[in-house]
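Engineer: Note that the protein sequences, when read in sequence, are chains L and A.
To get the numbering used here, take the position in the first sequence, counting from 1, and add 389.
To get the numbering used here, take the position in the second sequence, counting from 1, and add 63.
Ranges between beta-carbon positions, derived for each pair:
(1) E190(A) <-> G538(L): 50 to 60 Å
(2) E678(L) <-> N334(A): 23 to 33 Å
(3) L615(L) <-> N325(A): 52 to 62 Å
(4) Y297(A) <-> N682(L): 26 to 36 Å
(5) R507(L) <-> L354(A): 53 to 63 Å
(6) R507(L) <-> P287(A): 47 to 57 Å
The set of hints was computed from the structure by calculation and includes no laboratory data.
All C-beta atoms, glycine included, are put in the ideal place defined by N, C-alpha and C.
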Amino acid sequence: MLSRVANNLIWLDRYMERGNGILSLLKVNYYANQDSPELFSWTPIMKTFTTYDNEFYTEDALECIDFMIFNTGNSNSILNIVTKARENARSVQEHISRELWLCINNYYLYLTNKDLPRKLEEDPVQFLEDLRKHHLIYFGTADITQERGPSYYFMNVGKFLERVILISDFTSLKLVDIGNTSDSLEKSFYWKNLLLSVGGYQLYLKTHKSTFNEEHVIRMVFQDKLFPRSVYYCINKLSGYIDQLIEANELEKNNIDFLLGKLESTIKYTTIDNINNQGLEHFISDIKEDIRNISLNINAVYFSQNN
Amino acid sequence: MANKHLFSSYDLLPKTWDEMYNDSSVFRTQYEEFIKYLEKTSPEKLSKKEDLSKQLFMSQGVTFTVYSDNEGIEKIFPFDIVPRIITSKEWTKIESGIKQRLKALNLFIKDIYNEQFIIKDGIIPGELIYSCPNFLREMKGVKVPYDVYVHISGVDLIRNNDGEFYVLEDNLRTPSGVSYMLENREISKRLFPGILPKSNVRSVSNYPNMLYKKLKELSNKTNPNIVLLTPGIYNSAYYEHTTLARLMGIELVEGSDLVVKNHFVYMKTTNGLKQVDIIYRRVDDDFLDPLEFNAKSVLGVAGIMAAYRKGHVNIVNAPGTGIADDKAIYIYVPDMIKYYLDEEPILKNIETYQLGRPDELEYVTKNIKDMVIKKTDGSGGYGMLMGHEATDEEIKDYLETVKKKPENFIAQPILRLSTAPCYIDGKLSPRCIDLRPFALSGRDGIDICPGGLTRVALKKGSLVVNSSQGGGSKDTWVIE
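Could you build the full structure based on these sequences and the hints that come with them?
Structural biologist: Following this line, the structure appears as structure tokens:
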């Protein structure tokens with residue numbers, strides 16, 4: 390496969406995953422913010438998920454969502470993300486299924502429809518859910534129509550890389566709030582909010598009922614083997630797809646498999662005491678650092694053949 | 064009868080052939096079936112179909128992007144829902160005429176880059192060839208696989224008021240539009256359920272397979288690596304490049320994906336360099352190789368021409384074919400047909416005056432109100448003077464430019480492009496059209512896809528069908 394194509398496929402799924410994550414974060418925060426604006430403000434979200442040089446902040450929910458979805462100056466706005474995903478898809482059309490191209494093209498057309506912003510005011514939750522549906526359709530379409538092979542593997546590498554980064558960012562975001570309060574009820578709100586943002590609340594209830602135990606949450610978000618939005622699950626998948634690519638000669642080993650293996654066991658075998666001893670923030674920043682190195686290594690493979 | 068008003072304001076243009084009505088304002092037989100359908104369909108339904116066609120183009124991503132103020136605006140190439148219908152008898156003549164023409168043009172290109180008999184025998188003046196900007200000295204003496212230079216072409220035809228098809232332009236470089244031929248048909252299938260089979264319309268969907276076969280035949284390998292080279296996403300025909308690559312199952316590459324090593328061309332893949340055997344390029348000659356042509360080009364590949372000359376890679380169409388579709392050379396095509404094939408041209412040329420000849424310049428100046436003047440190396444409908452529309456001042460200015468280098472200009476009488484019915488504002492109105500059939504030449508002959516791109520000047524009274532200047536397109540039906 391062309392190196393450029395591999396790169397575009399990785400980014401296609403990274404953007405779609407990022408969009409999905411941001412949309413669910415916005416929806417969860419909207420609900421929480423309507424209940425207790427003092428606990429769930431918009432500014433930290435805007436700080437983490439907009440362009441690094443962004444200077445626009447607002448505590449008005451609709452204004453914030455509008456900025457996060459439509460603003461073209463915000464490189465992480467859903468409109469920009471989907472535009473970039475579509476550009477990537479457009480240039481690799483012969484590698485992705487026709488259905489997948491139509492899916493992302495229709496999403497773009499939906500987003501650029503001039504009547505859409507009106508829907509935000511009518512019902513922000515429905516508006517965000519309608520957008521998120523496009524991401525779910527995208528991933529479902531990819532799953533059903535895309536043959537298993539290098540294209541699919543590269544796309545999944547992008548998807549799981551991005552998902553780990555998002556989970557880490559969401560957690561860091563909440564840890565700041567948690568660190569700022571000594572009220573255990575407030576803390577439990579934040580943990581619940583984190584679970585909702587990564588889509589793990591329902592599973593948590595099923596497993597642990599309605600009691601918020603910090604350690605249970607951490608274990609679920611970071612170490613659960615079966616929860617598809619746990620860090621461990623993502624690393625495990627990532628490692629599987631990387632192996633497939635190495636086996637198919639599409640990727641040089643180049644240390645990536647080693648880095649991934651190491652990260653996988655670190656997450657698996659670190660005890661909750663150990664995490665508490667080093668501090669969750671420290672644990673997360675180590676994961677982020679490892680992910681950054683893995684990502685750089687994948688890029689290096691791509692760029693090394695580009696000279 | 065649900066739709067009586069459909070024809071109520073169909074104002075025929077004077078001295079113009081209409082594709083639907085004959086001289087006595089009776090429907091031509093090839094349109095009867097479709098008109099029956101139109102008459103049965105309410106205006107609301109037809110207008111809905113028009114909207115539907117727009118939606119379909121958008122949702123399939125059949126768009127091109129116009130860039131202004133750093134912002135890209137996506138547009139669709141306007142589509143008129145009423146198909147243009149050609150009889151099989153007419154088509155047979157078009158087909159044989161184009162084949163004959165391409166055969167002669169290909170021989171001409173081979174001759175020009177090799178022995179140049181046609182110059183030595185005094186048929187075409189040598190200085191005309193050498194002064195042509197599309198003549199590539201780099202191609203002299205280059206052995207081209209199977210002597211095929213023009214693999215892919217899109218000859219532009221118009222129907223004059225005598226009912227005959229004339230050749231307007233031979234597009235022998237990187238003609239575009241074939242994806243619209245394919246898409247327009249896909250849209251018709253959805254707009255008019257059941258009508259295509261009922262009308263015995265010949266299928267065009269085999270084009271990508273035909274193209275792939277022709278490309279593959281150029282290599283001795285059983286499984287050659289064929290790629291499509293695009294200038295990239297900013298090119299207005301990018302949609303077409305992605306479509307053709309997808310439909311043929313070949314890789315779409317950009318210049319930066321390719322590299323030349325020891326006179327072989329490779330693409331940079333995730334498992335190393337992979338040799339490329341055949342390049343269907345949609346990049347102009349000028350940008351193909353920065354080492355030999357435009358040094359600033361980033362669209363091409365450094366060293367690709369050297370690899371080509373060594374026979375290590377095949378470039379389609381061959382570099383240098385532009386010499387044969389130059390407007391100054393066009394005049395000589397009928398002579399070429401006689402010279403190389405000893406045949407009479409089946410399709411006529413439009414009478415053309417070379418302004419480099421003083422007597423012809425004088426004649427054109429006298430009759431300027433009935434003339435179109437064009438630059439010999441221009442395309443896309445730019446840099447033209449339409450005598451009947453221009454003001455005296457514009458004519459004066461233009462003639463002054465002409466006089467500086469008259470050999471760079473030609474003139475043709477203003478054509479009466481035939482008109483075809485278009486669905487505009489709920490009624491049918493005649494609009495001027497042309498026809499671009501797509502031909503593929505390969506190792507064993509020339510195949511022409513039964514259909515093509517009918518371009519239409521959607522502005523009332525306009526003769527300019529170019530998409531950049533208010534033109535649109537129609538599906539083109541060749542019926543058995």
